[in-house]
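Asks: Each chain is listed here by its residues.
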Amino acid sequence: MNGDFELFYAVFFPFAAAFLCYLSGRVHKMLRDRLLQLFVILEMALMAFAAFSCFQKGMLEFAWNGFCMQGLYLKMDGFRLLYGCIAAFMWMMTGIFSREYFAHYRNRNRYYFFYLLTLGATVGVFLSGDFYTTFIFFEIMSLTSYVWVVHDEKPAAMKAGEIYLAIAIVGGLVMLMGLFLLQDAAGTLRMSELHDAVLSVPADRQWQIYAAGGCMLFGFGAKAGMFPLHVWLPKAHPVAPAPASALLSGILTKTGVFGVLVVSAEMFRYDPQWGKVVLYLGVITMFGGALLAVFSIDLKRTLACSSMSQIGFILVGAGMMELLGQENALAVRGTILHMVNHSMIKLILFMAAGVIYMNLHKLNLNDIRGFGKNKPLLKGMFLMGALSIGGIPGWSGYVSKTLLHESIVEYAAELVAHGEPALRIHIIEWIFLITGGMTIAYMIKLFIAVFIEEHPDRQKEFDGKKGYMNPESIFAILVPTVILVCMGFFPYLTMNRAADLAQGFLHGEAPAHAVHYFSLGNLKGALISLAIGALVYFGFIRKFLVGKDEKERQVYLDVWPTWLDLEDLLYRPTLHKAAIMSAACICRDIDQLYLTRKVLRALLETAAFLGRICDHLMDGILLFFRSTTHKSRTEKHVYLIGTRASRTLGRILDNFTALLNRTVCRKKPIEHSFVLMFAEWEDVMHKTNRLISVSLSFGLMLAAVGLAMTLVYLLWW
Amino acid sequence: MSSIYLVLPVLLPIVGGALMPLMHLPDKRRNLFLEILVIVTSVLALLSVYRRPEEGFILFHLTGNLDFALRLDGLGCVFTCLIAILWPLATLYAFEYMRHEERTTSFFAFYTMTYGVTLGIAMAENLVTMYLFYELLTLVSVYLVMHPMTKKAIRASRIYLYYSIGGAAFAFISLVFIIIYGNTTDFILGGVMDAARTGGHTQLMLCVYLMAFWGFGVKAAVFPFQGWLPKASVAPTPVTALLHAVAVVKSGAFAVMRLTYYCFGADFIRGSWAHFAVMTIAMLSIIYGSTMAVKETHFKRRLAFSTISNLSYILLAVSMMSPLGLLAGMSHLVFHAVMKIGSFFSAGAVLHQSGKEYVDELDGLAYRMPFVFTVFTICALSLVGIPGFAGFISKWNIASAAMETGEHFPYAYAAVAVLLYSALMTAVYMLTAAIRAWFPNKGYDVKSNEGITDPNWEMKLPLGLFAAAVLVFGLYSEPLMRLLRAVAAGSL
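Residue numbers (my numbering), protein chains in the order written: chain A, 1 to 717; chain B, 1 to 492.
In short, the hints are calculated from the structure, not lab data.
Cβ coordinates follow ideal geometry from the N, Cα and C atoms, glycine included.
Please note that a few of the clues may not be correct.
DSS-like mimics (lysine-lysine), calculated; alpha carbons at most 25 Å apart, straight line [said to hold, decoys possible]: (1) B:K356 x A:K598; (2) A:K276 x A:K362; (3) A:K379 x A:K466; (4) A:K598 x B:K295; (5) B:K152 x B:K28; (6) B:K460 x A:K577; (7) B:K460 x B:K356; (8) B:K442 x A:K159; (9) A:K598 x B:K28; (10) B:K152 x A:K154; (11) B:K152 x A:K598; (12) A:K29 x B:K442; (13) B:K152 x A:K159.
Partial list, computed: chain B residues near chain A (C-beta under 8 Å) [stated by the list, open to error]: (14) E101; (15) T104; (16) G474.
Far from chain B, some chain A residues (derived; all Cβ distances over 10 Å) [as the list claims (entries may be wrong)]: (17) G3; (18) Q70; (19) E139; (20) F180; (21) Q183; (22) E410; (23) A422; (24) R542; (25) L557; (26) T643; (27) I692; (28) L700; (29) Y713.
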């Protein structure tokens, strides 16, 4: 850990604060709410402190080797300072606003916990000095902000959360692939070294750099809401709580833009091919977002689509920055300023929408119509935001859009000067102006619906609402409004300085001659857009998107075809059906008749077959022996009677008679068995002996024999 | 420290476990005895790692130059430490989990014996010793799968037995060939192949390597021999977690590491068709495991499929055939053990506390069991590979190794794509479970969750420690990486 610890504190303080806030929430709710406000203000102070020392030292750096293995590298220069401060500022304002907005919400502890975690991660992204650090914080940010999206836990929120998470994770993974490719080819991920490293990559591995760039554009673009990965944006922003939508829209998308800008400025500096890709994607995003916004009849959805469109403007700037090469000052400044503007504007507009939502719990234009009719403060603040985003001269959006427009014009002039066809660039210029017009049109639509028209039934109730927002909330919306207005009215004092500060990051230089924002030539573009805007609003929106309901009341119609949704049309089917299902089916098949089972069965069957053969072989041998040497005798002699003597003798004689039978007495064989005969004799003898031995006469006879023997002994010896 | 002490940590649990059923202790005292036994063993094992004897210890001579010998080298130390640290915690968890089960004494007897046998694998000095312990591991752990004694469990244990014994047979073939064609059967980083003897038989030896890779890989559930693992998840959770996420399957992966880097030698295989083949096998397993996990709705089986894919991460890293690959393999060996055991234990805690087995029953459960699901979510994020968690470090290592190998073996680039695909699938199958628990759709069945609470400290302590380890390693793993780098370079 070494370097300037201001950065460390600025990034890691919110992480610590998140836990503190969570624990305090377990104790007391009021305490937690106040602590949260304190923490976001403290974070702003820390950031201001870091900015202050950055001004003194010129640049801040902080490295923590070994953090998450590859090490953490934070850096603060002009642009990072600007965006770090904007992030802290936005969190501060929404934090202050949150207390009233969330007064009746459940699970606030969870929300605040992730709210602060995301703050740390977002600041981390903006202060990152190498892509590894960017990636770490980027992923953390993606996941923690998921909790915001699904905070309501309603089906719509869950569905939006699903696609948000899916795109965040897929984007993260693709980006990771890009980082691998980049590190492999260039050998470094540090942003300041990338340009030289990329130039030194041999030509045969240039493809790897482009592949890496493509992957990273995918990852960062997904977060920025770039076409065709914008699908999550119009869904996730409206369902999140308003302070969260303000942040999602105003600053989280900017982390994606930040990445795209770094990739463009460092890896592909002045690379026209890359510039074209970014430019075209930007143009589609810009126009598509505005188109969706024109059709939308939901306040927050319109704002979300508008965000997408504004990101498109910024990407156009990024593309022009590449195409213009060395002379890209206008594009660089326009890009940066439009980012800043858009952050501030969306902060105001979403919080204003939040005020409406927390009073009515509705967002459909037909329901909230007339809510702001007699609320001058809210009306004024919303109007400032609307004018600014519409690019009306005198407001800040005008300045940045003018710069972007001028950069397109300049490139067209350059092409013409080189004698190359400039038709495409002219078409882009016109799309740019038309989109500007559409921006004005949908903002008019919102403004008229909410602040001019009257609600058919509930207007009295709306007007009667006193104290529809508390002083804290007023403060939270008013401060950015004032800043925005100052930026618009004094562009030379404020915006030019911000651009001077930040342009070094994108390797832009101050333009050769100062831009006169209010010159006639520059005003022309804005006036064209204004005219187109009026035309679209009165000629299209009032005619086709406003109709009558069954009670003959005027209503805003939702005519956007529901099937025309990239998510349902393309992504879900591809991901679910094509990818997961088919893979799973194949795998299941493998599982069910997998190789091993087949092989095993084959093996077993062969073994059984061989075994049977061996078995039969053995049987055959046995049979052979039994029929030859070990032939069993046909007759069986079972001698149950007789003693051993009679059996042995009898068997000898039997064998002898058998021999005789086979040889001599073949004609008249001796049939009887000697064993039996002897046994019978024995039996008879045995019985007779017993009879004799127990009889009296036998005893007398023995006595007589004894007497006789005694007599003989006496006579002769 | 004299090398004779190496025998103690191996023998102590085997003998202690075997004696336990004879002692007829009441449950409480038995548990105390067991925990002390396991902790003493762990302390001895860690002590022998800390004061590592340079020499090996020859228990007895089998025949000729084949010895039954124990020795600790770098890789062995890593695996020994991993087991020694996880086992006491898992035992603690098992006490609570098994409280209401029958036949616990015989269960714990085998459970403890498995500990000794696994340490034996980690400490084996040569292939013969490892092979013997490897076979022994099958035999002692088969009872653990069978323990519920249901028809399903018996069937699963039979399948487990078939696969393992079959695999070991292949491993035996390689053992014979290494005796013939190698200088020695001892483990030496860089391989023991005798160039003079293998001269004309390179192709044959590559075949043998592939066979052995599959043979030892059976325990690591490598495709297509992965079938036993999901089936074995019928076993009690401590078993599925410890054995089928750490001990048994990691022994398989460990054995493959030994085989690849310490017997055949990475140089011998690098660039050959066998290299191509093993890399393909690992990739297929990863794709298979992670895709099947998405389809699976049974919580523990889903984790089992996840194990299949994660083990093959290790094998994929091993198949890079470079020191960086070995490093990556070891780091995933360690980190996956911690995070998978954490997620298995969470699933087990859910099963134990609520009886819920399927992912779609988890709705809103996190509010009832906040501790368990916090741990589970941390482990899930880590498995996905979100930066800041341990899993990211090892996956980054694997991918870096793949990129490095890719420079002269372009097929390795595909490995990175496979890793990313698998990470996506992991996100789907792990996060859906976590999301269901934390963010139930409005109107879920609240009633079914009534009365469910977090488990007691015996279960919570291991869980908490695992989650902490995942976070700490995720944020700062430099010391560990330095160690593993030294092991991979052979300087430890």
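Asks: For every hint, state whether the structure bears it out.
Replies: Cross-check of the supplied hints:
{"no.": "1", "hint": "B:K356 x A:K598", "in the structure": "violated (35 Å)"}
{"no.": "2", "hint": "A:K276 x A:K362", "in the structure": "violated (41 Å)"}
{"no.": "3", "hint": "A:K379 x A:K466", "in the structure": "holds (15 Å)"}
{"no.": "4", "hint": "A:K598 x B:K295", "in the structure": "holds (23 Å)"}
{"no.": "5", "hint": "B:K152 x B:K28", "in the structure": "violated (30 Å)"}
{"no.": "6", "hint": "B:K460 x A:K577", "in the structure": "violated (39 Å)"}
{"no.": "7", "hint": "B:K460 x B:K356", "in the structure": "holds (18 Å)"}
{"no.": "8", "hint": "B:K442 x A:K159", "in the structure": "holds (12 Å)"}
{"no.": "9", "hint": "A:K598 x B:K28", "in the structure": "violated (48 Å)"}
{"no.": "10", "hint": "B:K152 x A:K154", "in the structure": "violated (40 Å)"}
{"no.": "11", "hint": "B:K152 x A:K598", "in the structure": "holds (22 Å)"}
{"no.": "12", "hint": "A:K29 x B:K442", "in the structure": "holds (24 Å)"}
{"no.": "13", "hint": "B:K152 x A:K159", "in the structure": "violated (38 Å)"}
{"no.": "14", "hint": "E101", "in the structure": "violated (30 Å)"}
{"no.": "15", "hint": "T104", "in the structure": "violated (33 Å)"}
{"no.": "16", "hint": "G474", "in the structure": "holds (7 Å)"}
{"no.": "17", "hint": "G3", "in the structure": "holds (17 Å)"}
{"no.": "18", "hint": "Q70", "in the structure": "violated (7 Å)"}
{"no.": "19", "hint": "E139", "in the structure": "violated (5 Å)"}
{"no.": "20", "hint": "F180", "in the structure": "violated (5 Å)"}
{"no.": "21", "hint": "Q183", "in the structure": "violated (7 Å)"}
{"no.": "22", "hint": "E410", "in the structure": "holds (41 Å)"}
{"no.": "23", "hint": "A422", "in the structure": "holds (41 Å)"}
{"no.": "24", "hint": "R542", "in the structure": "holds (38 Å)"}
{"no.": "25", "hint": "L557", "in the structure": "holds (29 Å)"}
{"no.": "26", "hint": "T643", "in the structure": "holds (57 Å)"}
{"no.": "27", "hint": "I692", "in the structure": "holds (70 Å)"}
{"no.": "28", "hint": "L700", "in the structure": "holds (77 Å)"}
{"no.": "29", "hint": "Y713", "in the structure": "holds (81 Å)"}
The structure fails hints 1, 2, 5, 6, 9, 10, 13, 14, 15, 18, 19, 20 and 21 (numbered hints given earlier, in ascending order).
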